[in-house]
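Just so you know, the sequences run in chain order A and B. At the far end of the first sequence sits residue 396, using the working numbering, and the numbering has no gaps. At the far end of the second sequence sits residue 396, using the working numbering, and the numbering has no gaps.
I should point out that these hints are in silico values taken from the structure, not numbers from a laboratory. This one's a predicted model, so the numbers in the text were calculated from it and none came from an experiment. Heads up, a few of these hints could be off.
The list treats identical chains as one, so a pair stands whether inside a single copy or across any two.
Claimed, not checked - Pairs of lysine-lysine, DSS-like flavour, derived with a Cα cap of 27 Å:
#, residue 1, residue 2
1, Lys300, Lys310
2, Lys300, Lys262
3, Lys54, Lys66
4, Lys300, Lys327
5, Lys394, Lys66
6, Lys192, Lys66
There are 2 protein chains.
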Amino acid sequence: MIKPNTHYSELKSSYLFYNIAQKTKAYTDIHPDAHLLRLGIGDVTLPLCDTVIKALHSAVDDQAQKETFQGYMPECGADFFKQAVQSYYKRRSVSLSEDEIFVSSGASDELGDILDLFDDDNTVLIIEPAYPAYVDANIIAGHRIIHLPSDISDDFAPYPDESIDADIIYLCSPNNPTGATFTKEKLAQWVKYANERSAVIIFDAAYEAFIEDEEIPHSIFEIDGSRTCAIEISSLSKTAGFTGTRCGYTVIPMELERAGMKFNSMWVRSRTTKTNGVSYILQRGAAAVFTDEGIAQIKKNIEIYKSNAKVIMSALEKCGIRYCGGKNAPYIWLECPDDLESWELFSLLLEKAQIVGTPGAGFGKCGERYFRLSMFGDVSDTAEAARRIEALFKAE
Amino acid sequence: MIKPNTHYSELKSSYLFYNIAQKTKAYTDIHPDAHLLRLGIGDVTLPLCDTVIKALHSAVDDQAQKETFQGYMPECGADFFKQAVQSYYKRRSVSLSEDEIFVSSGASDELGDILDLFDDDNTVLIIEPAYPAYVDANIIAGHRIIHLPSDISDDFAPYPDESIDADIIYLCSPNNPTGATFTKEKLAQWVKYANERSAVIIFDAAYEAFIEDEEIPHSIFEIDGSRTCAIEISSLSKTAGFTGTRCGYTVIPMELERAGMKFNSMWVRSRTTKTNGVSYILQRGAAAVFTDEGIAQIKKNIEIYKSNAKVIMSALEKCGIRYCGGKNAPYIWLECPDDLESWELFSLLLEKAQIVGTPGAGFGKCGERYFRLSMFGDVSDTAEAARRIEALFKAE
Chain A
1 MIKPNTHYSE LKSSYLFYNI AQKTKAYTDI HPDAHLLRLG IGDVTLPLCD
51 TVIKALHSAV DDQAQKETFQ GYMPECGADF FKQAVQSYYK RRSVSLSEDE
101 IFVSSGASDE LGDILDLFDD DNTVLIIEPA YPAYVDANII AGHRIIHLPS
151 DISDDFAPYP DESIDADIIY LCSPNNPTGA TFTKEKLAQW VKYANERSAV
201 IIFDAAYEAF IEDEEIPHSI FEIDGSRTCA IEISSLSKTA GFTGTRCGYT
251 VIPMELERAG MKFNSMWVRS RTTKTNGVSY ILQRGAAAVF TDEGIAQIKK
301 NIEIYKSNAK VIMSALEKCG IRYCGGKNAP YIWLECPDDL ESWELFSLLL
351 EKAQIVGTPG AGFGKCGERY FRLSMFGDVS DTAEAARRIE ALFKAE
Chain B
1 MIKPNTHYSE LKSSYLFYNI AQKTKAYTDI HPDAHLLRLG IGDVTLPLCD
51 TVIKALHSAV DDQAQKETFQ GYMPECGADF FKQAVQSYYK RRSVSLSEDE
101 IFVSSGASDE LGDILDLFDD DNTVLIIEPA YPAYVDANII AGHRIIHLPS
151 DISDDFAPYP DESIDADIIY LCSPNNPTGA TFTKEKLAQW VKYANERSAV
201 IIFDAAYEAF IEDEEIPHSI FEIDGSRTCA IEISSLSKTA GFTGTRCGYT
251 VIPMELERAG MKFNSMWVRS RTTKTNGVSY ILQRGAAAVF TDEGIAQIKK
301 NIEIYKSNAK VIMSALEKCG IRYCGGKNAP YIWLECPDDL ESWELFSLLL
351 EKAQIVGTPG AGFGKCGERY FRLSMFGDVS DTAEAARRIE ALFKAE
């Protein structure tokens, strides 16, 4: 008699974004003509930039000719892809060897798969509010989970709590959902904490391209001591609009070792056993992002998303609604007005303003009175959403 | 102190195909001008067919325009992809609902990930010789493994052994590495065995497109009773030359349930938590394979690979070397001549004939005296390999 992984039954009955999709569908079933302003799930809306499109077409052409056809790719990433990522890190003076860089199908895939490196008997520390997949993937893995609440008093980027013992620590900066960022000094404290406990930090850098303040680190590897305690997981989904195209990268330093086992070589073994690498076509497209031309083009898109943020922030300010994020991150995290709970605000915005946002409660208990708006929406939809928010909440 | 997954240290020091690559590299380092005839790793050499190339280009164009741009895909697969797979199964009178079909990045990725559905405390039955990743993925998962040897006396496709109790059963037909196929009657016995024990069959159908005998099943779901005991994992790698392009599919029937848990809904939860789906571009390319035009075109490529098989089989026959496979499968599995062990034959063929093959010992102990040749090589290289095999082994 086969034994299923019963941890699945410990999961809440369905996933946050799925819930939102269901509730939104229920609304559009009744109001089929409604034009929804979608600031909910963090999906991008601008097309891929020219340089990437050209690289993708050229790679497809390679697959059409015997002479240029690419079969199995190296499981950990094509050399050209690793070199592109290496050069991207070098721009911020982070030196990585090619062997420390792994291609992935994106951060969400990797955040789940990476747990394969660890024993079930580990305690995970998740700073909340948090991306719900951190919690769910660790429930499935059977890990003990400590939820560390954060709030406005620590700018949603807390210091480590010395009284807590954790083995695996999730840090996400710029943060989803709060838009908070960790300063160098705060990250240095977390690195010290992790090294002292022989813990491992899983650093989710999926939003690093949105940082505009010079002093905020884009990578955990800008911090001294991080090479003995951190894995960095990143993605092109938000950097270059790859949510539906899929490609990302993971960095595991050679020095990262616990109980005599090197996580880098374990990951090599995991990838060579359990994958056949990532599509040649996608790696070509992804590598093009890191060229000078590619970086200039994605910056333009990021500026457009940032102009969305400014429009929403301005509306919130006029309504006297407190918020954080929106500057170094593509999310605005606002306090629900009028003493509403977050799912109440969700329904109100959907019904009265046709705005789809994300209730803070979906990111953990301490998000109950907060709400997330994404800046990845259509420009005119976002401007209209700002107007409707003002109409709803601005004091006369 | 974080605990690594110590099962990694139970793995053999490196992976079969990696070993072959290393030994081959050592040879070419000394003989840089050698033209190797690569019949080793089962990598395809023919480019993607026109219909697929057109669909890929068109999907890349979609990603270049705001109106057609695709962000996050449904995690379990795009509707158009699921419908394409559904129609492909329908050609063989297998009815599947769209919800039973999942997109994947390919069979190797899925064979590893699928173990997430099961508790660590399970016993796995692997019929050997076998694809080495079955064993390694289950070592990493901490499962008990029973190795069931097969040999020429049972056509490398044994009946279940009633005295063995297993929870998870791997069946691969057509088989890698032996090229053996399971008849309907044999598969029916395995289905009965699995249902009686509440076990689950993981059916690897990656080579189904090579079957030419009408009576051999392409899918486990052609067998009565399989919907309560089987998961099918398939791939376009060999069917349509997607080894470096990546896309596959997995079928989990709604009826498959153990200890009150439905594996289909668990897999939905796994995919929605741990992935963001498979690239829109790749799904478009993959769906094109299953059109009438696509199927006609991939058949032509398969015919070319089969003509490779005929050339090699003819040479082996002239040398009096016994073999199986080559007819309904892209692999030929031969008995090592001259009492050689399989790694000895590997070195002999590499050094005397510049042929790269795969030693049978890499697929389990009972493969020690066997050797695998792949039919995916270049046509003229394969013909040359056949001549050199004759020159080496044909009795005067």
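Structure-based check of all given hints:
1. Lys300 with Lys310: within (15 Å within a copy, 57 Å between copies)
2. Lys300 with Lys262: Classified as neither; 40 Å inside a copy, 46 Å across copies.
3. Lys54 with Lys66: both (20 Å within a copy, 16 Å between copies)
4. Lys300 with Lys327: within (15 Å within a copy, 55 Å between copies)
5. Lys394 with Lys66: neither (64 Å within a copy, 33 Å between copies)
6. Lys192 with Lys66: Classified as neither; 53 Å inside a copy, 45 Å across copies.
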